[in-house]
Amino acid sequence: MSTAVAQEEPGCGLPRSIFVADDAEVHDVPMSVIKRPLISTVDREKVDDFKRLIQAGTQLTPIEVAWVQRPEGNYYFSFGGCHRWAAHTELGSTTIPAKLVPVSPATINLYMGASSPFRAPGPQQQQEQAPS
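Numbering (UniProt numbering), first residue to last: 1 to 132.
Check each hint, because a few of them may be wrong.
[To be verified] Derived lysine to any residue pairs resembling SDA-like cross-links, with alpha carbons at most 20 Å apart:
(1) Lys35 / Leu110
(2) Lys35 / Thr58
(3) Lys35 / Gly73
(4) Lys51 / Thr61
[As the list claims (entries may be wrong)] Pairwise CB distance ranges (calculated):
(5) Arg119 / Thr58: 34 to 44 Å
(6) Glu45 / Ser104: 30 to 40 Å
(7) Asp48 / Arg70: 22 to 32 Å
(8) Ala106 / Gln55: 14 to 24 Å
(9) Gly73 / Gly113: 18 to 28 Å
(10) Leu53 / Pro30: 16 to 26 Å
(11) Arg119 / Leu91: 32 to 42 Å
(12) Thr95 / Ser40: 13 to 23 Å
(13) Ala120 / Asp49: 37 to 47 Å
Read the hints as simulated data drawn from the structure, not as lab findings. Ideal Cβ placement from N, Cα and C applies to all residues, glycine included.
Go ahead and model the full structure; you've got the sequences and the hints to work with.
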């Protein structure tokens, strides 16, 4: 996996991605393993355009997937790329081109708050889970 700095966006001096370098490896990730915790609002026309491009064999920009490696297994989260995701979903794709971004469970906690699967249960949840 590449650790190079992302290429700058032409004209503004800012990187195209805050997560991965342009030359990072692209993987065909099974859509069934990716969690998308945020509700997306999509532009129907844009989704339809992406569907046409995918059907024509055009390589779209890969989505970025936050990847948490834990002893019990791997976790994958996608917070962006909603139009590409919708297009692939509607076309019945089983995989989606993605760049994996290794992150810690603490990073997912920042994005998802109390909904994160990596949060330690609070006192209320511990009482509810305790055997009677």
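Evaluated hints:
Between Lys35 and Leu110 the alpha-carbon distance is near 16 Å, which keeps this suggested pair within the 20 Å criterion. Annotation: proposed proximity of Lys35 to Thr58 is violated, straight-line Cα distance about 25 Å (limit 20 Å). For the hint linking Lys35 to Gly73, the alpha-carbon distance of about 14 Å falls within 20 Å, and the restraint holds. As the CA atoms of Lys51 and Thr61 are separated by approximately 13 Å, the hinted pair is consistent with the 20 Å bound.
Separation of Arg119 from Thr58 is about 40 Å and conforms to the stated range, judged on CB atoms against 34 to 44 Å. At roughly 38 Å, the beta carbons of Glu45 and Ser104 sit within the given window of 30 to 40 Å. Between Asp48 and Arg70 the beta carbons are some 38 Å apart, a value that contradicts the proposed interval 22 to 32 Å. Take Ala106 and Gln55: their Cβ atoms lie about 40 Å apart, and the range 14 to 24 Å is violated.
Restraint check, Gly73 to Gly113: a C-beta distance of roughly 22 Å satisfies the suggested window 18 to 28 Å. For the pair Leu53 and Pro30, the supplied restraint of 16 to 26 Å holds, since their beta-carbon distance comes to about 21 Å. For the hinted restraint 32 to 42 Å between Arg119 and Leu91, the CB-CB distance of approximately 35 Å keeps it satisfied. Between Thr95 and Ser40 the beta carbons are some 19 Å apart, a value that agrees with the proposed interval 13 to 23 Å.
Judged by the Cβ atoms, the range 37 to 47 Å given for Ala120 and Asp49 holds: they are separated by roughly 44 Å.
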